[in-house]
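Please build the complete structure, drawing on both the sequences and the hints.
Number of protein chains: 4
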Amino acid sequence: MQEINIGLIGHRFMGKAHAHGYTDVPIFFDTGVGINKKIICAGDKDVEEYAKRWGWENWTLDWHDVVSRDDIDLVDVSSSNEIHAEVAIAAANSGKHVFCEKPLALTMELAEEMVKAVKKAGVVNMTGFNYRRVPSIAFAKQMIDEGKLGDIYHFRGCYQQSWLINPEFPLVWRLQKKLAGYGSSGDNGAHVIDLGRYLVGEIEEVVSFQKTFISERPLASSSSGLHAEAASGSGEVDVDDATIFLARFKDKNTMGSFEMTRFGTGHRNQNRIEINGSKGAIIFDMEKMNELSYYNESDPEGYQRFKKIQVGETVHPYMSNWWPAGHIIGYGDTFVNQAYDLIMAIKQNKMVKPDFEDGLICQKILEKVGKSAETKKWEKI
Amino acid sequence: MQEINIGLIGHRFMGKAHAHGYTDVPIFFDTGVGINKKIICAGDKDVEEYAKRWGWENWTLDWHDVVSRDDIDLVDVSSSNEIHAEVAIAAANSGKHVFCEKPLALTMELAEEMVKAVKKAGVVNMTGFNYRRVPSIAFAKQMIDEGKLGDIYHFRGCYQQSWLINPEFPLVWRLQKKLAGYGSSGDNGAHVIDLGRYLVGEIEEVVSFQKTFISERPLASSSSGLHAEAASGSGEVDVDDATIFLARFKDKNTMGSFEMTRFGTGHRNQNRIEINGSKGAIIFDMEKMNELSYYNESDPEGYQRFKKIQVGETVHPYMSNWWPAGHIIGYGDTFVNQAYDLIMAIKQNKMVKPDFEDGLICQKILEKVGKSAETKKWEKI
Amino acid sequence: MQEINIGLIGHRFMGKAHAHGYTDVPIFFDTGVGINKKIICAGDKDVEEYAKRWGWENWTLDWHDVVSRDDIDLVDVSSSNEIHAEVAIAAANSGKHVFCEKPLALTMELAEEMVKAVKKAGVVNMTGFNYRRVPSIAFAKQMIDEGKLGDIYHFRGCYQQSWLINPEFPLVWRLQKKLAGYGSSGDNGAHVIDLGRYLVGEIEEVVSFQKTFISERPLASSSSGLHAEAASGSGEVDVDDATIFLARFKDKNTMGSFEMTRFGTGHRNQNRIEINGSKGAIIFDMEKMNELSYYNESDPEGYQRFKKIQVGETVHPYMSNWWPAGHIIGYGDTFVNQAYDLIMAIKQNKMVKPDFEDGLICQKILEKVGKSAETKKWEKI
Amino acid sequence: MQEINIGLIGHRFMGKAHAHGYTDVPIFFDTGVGINKKIICAGDKDVEEYAKRWGWENWTLDWHDVVSRDDIDLVDVSSSNEIHAEVAIAAANSGKHVFCEKPLALTMELAEEMVKAVKKAGVVNMTGFNYRRVPSIAFAKQMIDEGKLGDIYHFRGCYQQSWLINPEFPLVWRLQKKLAGYGSSGDNGAHVIDLGRYLVGEIEEVVSFQKTFISERPLASSSSGLHAEAASGSGEVDVDDATIFLARFKDKNTMGSFEMTRFGTGHRNQNRIEINGSKGAIIFDMEKMNELSYYNESDPEGYQRFKKIQVGETVHPYMSNWWPAGHIIGYGDTFVNQAYDLIMAIKQNKMVKPDFEDGLICQKILEKVGKSAETKKWEKI
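Protein chains in written order, with numbering that gives the first Met the number 0: chain U, 0 to 380; chain B, 0 to 380; chain H, 0 to 380; chain A, 0 to 380.
No wet-lab data here; the hints were simulated from the structure. Quick caveat, the model's predicted, so the values are computed rather than measured. A hint or two may mislead.
Because identical chains share one entry, a pair is satisfied inside a single copy or across any pair of copies.
Below, simulated BS3-like cross-link-like pairs (lysine-lysine); rule was C-alpha separation at most 25 Å, straight line [claimed, not checked]:
#1 K176 <-> K251
#2 K349 <-> K118
#3 K249 <-> K376
#4 K36 <-> K15
#5 K118 <-> K363
#6 K363 <-> K251
Take a look at the structure:
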């Protein structure tokens, strides 16, 4: 049986999610290949402990150790944004398949180099838009492809988190341009933009409005996580706290409205997607990710209304591998679905979506959204 | 006891709503004045029948008959947009108090003349933004005024109807600029804009995107209602089917996003308002108008979440006059609340909000939203 | 044109609801008859003021004045339960059509006499189960009659109010057997029982569990309303605070579970009805009375789920007389629908449902529910 | 570091859930012990394949091989009900800690023997009421223990599945008394009963109504799963399709109503729990297991209402080990939480709840519920 050896970079939020993904694929899916958790890399000394608990055969503090090993098939870059480009390019140059979390890089230029590298190397490459692996979203895509919504009039994407409401929350890496590249737009916003492209199509132009509501924050005692403690001194937030923008999609001039904020008081992780088409409509919310509201314009008069489909039947994407209908899956399980698709692509040596190219296009849009906030004009993508 | 004599212009959708309002005020409110339904005017011959059924003492086919009567205290203009300005100005010039449905006029210039007329005459004047009389909205306003939401970061208003999805729906007056003035923006959009101003404050600048998805439709057999039949021939839709725009509010640069559409497949009358502030957040939806979702940032950790307040307790605005808690009111009842406030203003001879000035400001915003769709730039209000 | 003259007994909660009903029928419905609010009777001196405000031509403190008038066609008994039987029987004996609020009488025996009286007199008679006039319920009935739910397996009715949670709430008339006849079971419970019969069919036997959680309360300063003040001294609550019971319906042995409580903390007026059948299911909640959740077992696989139908389209019962789709009606409006059906029955001199017979059957069930709580056995109806 | 060796019996629905639990504990929790997936046993030949995919070191077709191994610390009985008692007793007699899925045994007598066996052996023992490990439920328990609900007036538990609606669904083992012991009552009902005991307290007496709606079904091609194919011939369903019962709890005579059905058309897996107390109320639904609706009677007037707490904050039970707030967990993850608690109990050699005693009490209630359906009287537990 074919064996796929994995090297994982990162062991915090995304690192844990990906470790979970590779661990659980064999429990829920029959891939026909062996999945070996070969080596994990992280900058913290506790990586050894995590390697042991999570079942990784080896560990290292230096990502070069991963990329340079002969026995690694896949390098999974789930570290902070800062080193994405360097690691991913080195991995591709070493002929490894590469997974990289979003956003690909700190700048569009770096993202372009990453795309070049994987194309040149001809390796399987994937960007971490895991929301495409939420069964409800995959089912929505299927419905749209089948024409169930008809022509799309409106796309409405609104991603609200609220962890910055407190002015004393410290200046973690996600609030610094040199470490994160973008603020809310590149973090949760990238997911909405990708879903817009995935479900509706390419975006032609945008006009935006960005704000940093609280521009000075206490320094963080460490720059590594969401739950950092405050330290003495303060620093400038130089990324967007919130971004709203209008978009014109290429296809039939669909109207798009996008909103992404870390000041969405009341919401922890609402990623609400609404699509209105000539034949139907859908509504999705990541906090209720097992549901997909669906409206069918051709239902009989008096019986037309949104139906909250519980996307948990065997006919729904991925779900025949999980539990009986009505037994929901969680956020972490989307990484199992994602890992499955990636492993199968490597096994069959074929491309998988979303790839680095998708990551790059998302980044192009992020750049133009940022530019429009300055020029105060519509910007072509 | 003081008696207030009313002359009503219109007997269709809004005419019925207003007739209902004046009829029911005495049942639910103790005004201390007599409310006399003196005369109703409409362009259709069946107005006589309606006058009789609804309890109006007199009827006429000519609005001049209403304005010129000495015994009329209040002229209520609930006819189609086309004659708003002419009637309201004549009424004010005759010293009558005037109510006028929104949008005030077909153009901003006419709206300005209306404001001048009522100011000069010194009469009580009110514009038909009845959503301010939804108890949930009035309660939201009260909460915001008390500081319960703190500084406002986001205002999100989205009004979705879907009665134009069918391409065979005919070219009724609401789809013609010369009769309606505006499309979706002036119809349901005006309500959202007014709620934005009412709840958050003045808007400083906007950038918009408008579309007419279906630009040619069958002629209507009559131009008078929502349920017109199609006739032979076709004509051009020259107003917006949908409008989305970004707005900067004056106060602390609050970010506003507005959306109004008649192609909101799946929704009959969703007017969803979301506000995120530094201390709390609210969500409202007109189809569930008895509920107001409220999030309090200062709730104890682990207990923070939106609460769907049923706005039906005696402590809620207007509700002590209605039913025991938990017994909801309907759309029509907002016109009873509105009529009550208007009658009390006339009784006490004091101003009432929203007045014609509010109607005019709304219209200024509509104009700039329309302009921005052409210039593709931000426009100052 | 035929004229129907009405005499109304009562001017508090139900009196107001009925006054509203008769007032608004002509605004929303075309009955082809004149509806005259002839005389209102109540035990309080302020009845004169209410008569004036609400537009009743005459008033009285003595119900005999109403029953004895020659010009009255319909006597509407919306007073407290205590005098229902006496007034209704006198009215029937005088040849008047009679409406009576539920429960018909303080005891089953009195209810039987009422049925005899109206049968003997041959007058139109109606009991106040106004929930049958909620469009969602009327639509549910229509669906069931059309076979859309197939064979009914489960009926689940749960009516929760919570106004007795506070132990200091005083001993109002609704808590005294001699004035109210029954506690929660006869008050909100009667509605659930009637809906069970209306939607599913006759009940064959029941087994119950009743409790009075707080058996002593401060005396009320007046016995007349929900909002009475406490006075000095205390008295015994001798009716049920809550009742739960199981029921076997005649038809195919459908399983019924009923729950009615004034200790349903958190709920002001939740009347939740759930029905599961072989072909579909419905869910209704009175606090969201414009919605009817509907599940269709024959929907395609993967698309099966409850749909929250907004019962506000012209094809839905009563709704073509109200507002455009998506503009909801309220609790009070169900009394307009009810008044319309009653007026039309009188006009056409035909029977209308629910009649006194329905009121009596409901009361028989209430008696057996009470008995079962004592015998601790199933009781046949 | 201490090592705990596990032997798992079963590899279908529950077997998979438990394998997942033991696999994922180390990823999400820091137990400080090694967890070794030593051996898996199942009656099907494909067990070898599952052992390999899921990472079990050994496999067997005979459960005696598991019980007799010296190196096994914990025997996990997740097979079908039929062999629960035999395996669990043998395991206890061999001095193994034992986990057993619910219901413990086919009869109450067997369950009693199981309790005796584990008590005699002094081993850690646990019954598979995994719903106690849903963070929302654990949080509800915490709230009740802290007195947040005050005195409990009502417990309402309603578990609806609908997989038997189709009369052609075959006679799987779950529909046969000799293999399953009970029908809906012992399957999903056991969960509701356990939650009633866990959250409110002991049940004193019950009165019930049970039905088998479809008493004859096609034979199943195999008796092993939910998705069995129909074979030729038919057989009798001799367990309950649905059970409803009333209960009196010991504590303050709380009123309980229970409902469990496989004919709950429209619901795949709704386990709805409602509790009303003197100070507050909660509502839970397993299909939305990350939410807990909470009503606080002491909220300020006008602000009282159910709040849908997203149980995903670090302060909520178990959740600090999972994802950032707003990133939900799934059904399968409750088995990780459960496995964690069990492992920690074994590590510390202390008892854990729910133990076999809890399983037995649940079974006693099931027996009395069954008896009451025959005697048609209240039965004491």
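Cross-check of the supplied hints:
1. For the homomeric pair K176 and K251, the shortest alpha-carbon distance between copies (24 Å) is at most 25 Å, but the shortest distance inside one copy (36 Å) is not.
2. When the C-alpha separation of K349 and K118 is checked against a cutoff of 25 Å, the pair qualifies only within one copy, where the shortest distance is 13 Å, while the shortest distance between copies is 58 Å.
3. In the homo-oligomer, the alpha carbons of K249 and K376 lie at most 25 Å apart both inside one protomer (18 Å) and across protomers (20 Å), since each shortest distance falls under that limit.
4. Taking the shortest Cα distances, K36 and K15 sit within 25 Å of each other both inside one copy (13 Å) and across copies (21 Å).
5. When the C-alpha separation of K118 and K363 is checked against a cutoff of 25 Å, the pair qualifies only within one copy, where the shortest distance is 18 Å, while the shortest distance between copies is 53 Å.
6. For a Cα distance limit of 25 Å, the shortest separation of K363 from K251 inside one copy, 21 Å, qualifies, whereas the shortest one across copies, 30 Å, does not.
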